[in-house]
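Student: Sequence:
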Amino acid sequence: ILGAKNIKRTYVLPDDSLLTLFIQQLISTNASFWKKLQAKNEIWKDLVIPLNGSIRQIKNIGYSEMQKAINKYLLQQWHNRQTKFVLARKCRTTIGNDPIMYIPMTNFERSRITRWRMGWL
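Heads up: the sequence shown is residues 231 to 351, going by our numbering.
The set of hints was computed from the structure by calculation and includes no laboratory data.
Be aware that one or more of the hints could be misleading.
Capping the alpha-carbon separation at 20 angstroms, the derived lysine to aspartate or glutamate pairs in DMTMM-like fashion look like this [stated by the list, open to error]:
1. Lys-235 / Asp-245
2. Lys-266 / Asp-276
3. Lys-298 / Glu-272
4. Lys-238 / Glu-272
5. Lys-298 / Asp-276
6. Lys-265 / Asp-276
7. Lys-275 / Glu-295
Restraint-style ranges between C-beta atoms, simulated for each label pair [as the list claims (entries may be wrong)]:
8. Ser-341 / Leu-248: 46 to 52 angstroms
9. Pro-244 / Thr-336: 51 to 57 angstroms
10. Arg-345 / Trp-264: 42 to 48 angstroms
11. Lys-302 / Glu-339: 40 to 46 angstroms
12. Gly-233 / Pro-334: 43 to 49 angstroms
13. Trp-350 / Ser-294: 39 to 45 angstroms
Glycine included, each C-beta is placed from N, C-alpha and C at the ideal position.
Construct the complete structure from the given sequences, taking the supplied hints into account.
Tutor: Next comes the structure, spelled out in structure tokens:
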């Protein structure tokens, strides 16, 4: 997220800043780190900009377009993570409170007991 925001910020810098003076040279070189940074950033790829897009196209990206791309990326990441987790209620046959959880214990012990009850240990 920060990578996409920082790429956008570099194009909106004032004309007299040092990075603005070098940005055209960074874009025009064949094996530049700048192109790799733009190509690897998932949010930047979702924005409808060609890889060698003009600076005017990039400056016209609004806040709402950037926010939509960020939200889309976060939602995609959330969906990817959801498939990896096993819900605790699927590990137990009966629904209800486990009486062993009422025994006083530390957070570490409670974590170990929970994992043991779910069959992860």
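Student: For every hint, state whether the structure bears it out.
Tutor: Here is how each hint holds up against the structure:
| no. | hint | result |
| --- | --- | --- |
| 1 | Lys-235 / Asp-245 | holds, 19 angstroms |
| 2 | Lys-266 / Asp-276 | holds, 15 angstroms |
| 3 | Lys-298 / Glu-272 | holds, 13 angstroms |
| 4 | Lys-238 / Glu-272 | holds, 14 angstroms |
| 5 | Lys-298 / Asp-276 | holds, 10 angstroms |
| 6 | Lys-265 / Asp-276 | holds, 15 angstroms |
| 7 | Lys-275 / Glu-295 | holds, 13 angstroms |
| 8 | Ser-341 / Leu-248: 46 to 52 angstroms | holds, 51 angstroms |
| 9 | Pro-244 / Thr-336: 51 to 57 angstroms | holds, 55 angstroms |
| 10 | Arg-345 / Trp-264: 42 to 48 angstroms | holds, 46 angstroms |
| 11 | Lys-302 / Glu-339: 40 to 46 angstroms | holds, 41 angstroms |
| 12 | Gly-233 / Pro-334: 43 to 49 angstroms | holds, 46 angstroms |
| 13 | Trp-350 / Ser-294: 39 to 45 angstroms | holds, 43 angstroms |
The structure meets every hint from the earlier list without exception.
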